[in-house]
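Sequences and hints are given; from them, build the entire structure.
Number of protein chains: 2
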Amino acid sequence: MKIITLNETVTASNERDADALRARMAQEGKLLVNVMSSPGSGKTTLLSRIIRDLPDVKIGVMEADIESDVDAQRIEALGARSIQVHTSGMCHMDAGMTTAAFDAMEASEARLFFLENVGNLICPAEYDTGAGKNLMLLSVPEGDDKPLKYPLMFQKSDALVITKTDALPWFDFDLEKCRERVLKLNPNIQIFPVSAKTGEGMDALEGWLRACLV
Amino acid sequence: MKIITLNETVTASNERDADALRARMAQEGKLLVNVMSSPGSGKTTLLSRIIRDLPDVKIGVMEADIESDVDAQRIEALGARSIQVHTSGMCHMDAGMTTAAFDAMEASEARLFFLENVGNLICPAEYDTGAGKNLMLLSVPEGDDKPLKYPLMFQKSDALVITKTDALPWFDFDLEKCRERVLKLNPNIQIFPVSAKTGEGMDALEGWLRACLV
Numbered sequence: 112m113k114i115i116t117l118n119e120t121v122t123a124s125n126e127r128d129a130d131a132l133r134a135r136m137a138q139e140g141k142l143l144v145n146v147m148s149s150p151g152s153g154k155t156t157l158l159s160r161i162i163r164d165l166p167d168v169k170i171g172v173m174e175a176d177i178e179s180d181v182d183a184q185r186i187e188a189l190g191a192r193s194i195q196v197h198t199s200g201m202c203h204m205d206a207g208m209t210t211a212a213f214d215a216m217e218a219s220e221a222r223l224f225f226l227e228n229v230g231n232l233i234c235p236a237e238y239d240t241g242a243g244k245n246l247m248l249l250s251v252p253e254g255d256d257k258p259l260k261y262p263l264m265f266q267k268s269d270a271l272v273i274t275k276t277d278a279l280p281w282f283d284f285d286l287e288k289c290r291e292r293v294l295k296l297n298p299n300i301q302i303f304p305v306s307a308k309t310g311e312g313m314d315a316l317e318g319w320l321r322a323c324l325v
Numbered sequence: 112m113k114i115i116t117l118n119e120t121v122t123a124s125n126e127r128d129a130d131a132l133r134a135r136m137a138q139e140g141k142l143l144v145n146v147m148s149s150p151g152s153g154k155t156t157l158l159s160r161i162i163r164d165l166p167d168v169k170i171g172v173m174e175a176d177i178e179s180d181v182d183a184q185r186i187e188a189l190g191a192r193s194i195q196v197h198t199s200g201m202c203h204m205d206a207g208m209t210t211a212a213f214d215a216m217e218a219s220e221a222r223l224f225f226l227e228n229v230g231n232l233i234c235p236a237e238y239d240t241g242a243g244k245n246l247m248l249l250s251v252p253e254g255d256d257k258p259l260k261y262p263l264m265f266q267k268s269d270a271l272v273i274t275k276t277d278a279l280p281w282f283d284f285d286l287e288k289c290r291e292r293v294l295k296l297n298p299n300i301q302i303f304p305v306s307a308k309t310g311e312g313m314d315a316l317e318g319w320l321r322a323c324l325v
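Protein sequence lines correspond, in order, to chains A and B. Numbers in the working numbering are just positions in the first sequence, counted from 1, shifted up by 111. Numbers in the working numbering are just positions in the second sequence, counted from 1, shifted up by 111.
In case anyone wonders, no lab produced these hints; they're calculated from the structure. Fair warning: this is a prediction, and the values are worked out from it, not measured in the lab. Treat each hint with caution, since some may be false.
Far from chain B, by Cβ distances over 12 Å, these chain A residues were calculated [said to hold, decoys possible]:
no., residue
1, N118
2, A129
3, R222
Here's a subset of chain A near chain B, in silico, CB distances under 7 Å, partners left out [stated by the list, open to error]:
no., residue
4, N231
5, L232
6, G254
For every residue, glycine included, the Cβ atom is placed at its ideal position computed from N, Cα and C.
The following block contains the structure:
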């Protein structure tokens, strides 16, 4: 497993870099999914479950963090291609960093790629990484009021995965109220309540991923 | 309850602004505690509990968020002075914003002030707000690996409150391992495992706050 350290990309336009990466992935028949959430919402656990559940899909994972390589180690242990990106203290990935990480991973055989963005519900929503799909997680213990406080992330995401639903009995989280708040911000978002621990709801999410791959 | 919208302060030195606010608070016999954590770690729930537990201490709370006023409403309902600060999309508070919020709150009778910073484990650690003490929360559902990934926040904090300890039976969180990782980053940090729901551990935290007030 590689570890690379990247700095903010200085180019004329992050949008142009993002469009270029998107066009390149589409041409190669690959899909990049940008995975965003608060710290500790269960991004790595969700990706680990998807890798185990989809043995027929070759998957590559870029793990972005300020420090440590614990996430990339977990992914690599499952046999998926992975690379750990250190962001030099930065709170998000931009399109240039994502392109550099993708190239450094050297995973030409994979078709489905995940960028596990830095754990942060604010800054990553402000930067187009060049991903084909944006997927965000909100975990049950975080609370159903998060759409009210961090609207941009919910507006920018194609799919919302509500994680740790096995913890619903112990937390004051109203699934219906959350759904309503999210759809008010983004009527086209796909919502998948899941427990990566029990597997509940994973089928629907994985079906959506397969559909996006075609 | 007031709502004010603030932009990033443009002055020569955030450090100078921070030192000025700290000196002013000390002179007036007041303490400002900067409360930082991921979204959904339980900052407002913890502050609500402290307000209820310390009826003899006059408390003022500045609630910083990108949008919404749900947190300030919760605090105001408990009878404490509060103000909602909207950060114009910014992921943190700086010292100038904190000073402006403090002045706008008009809570001269209060002695203990909390700034509930924007929910973010990265950016708020990079800005001195002028608070006398920095307090961070890490909730049990977030996981014990967070010190490895977000070291700066743990290094900058005077106290770490490990919240939602009532959820320890349901999550894979090793309190001892977490404590070890945190003390390695910051040997002087005070660590308080608490459940604001059951009240477990609140005494020690509230004792520390009282000691800081003297």
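Taking the hints in turn, this is what the structure says about them:
1. N118: holds, 16 Å
2. A129: holds, 20 Å
3. R222: holds, 28 Å
4. N231: At about 6 Å, which falls below the 7 Å cut-off, the nearest Cβ of chain B leaves the hint on N231/A intact, so it holds.
5. L232: Where the cut-off is 7 Å and the nearest Cβ of chain B is about 5 Å from L232/A, the hint holds.
6. G254: holds, 5 Å
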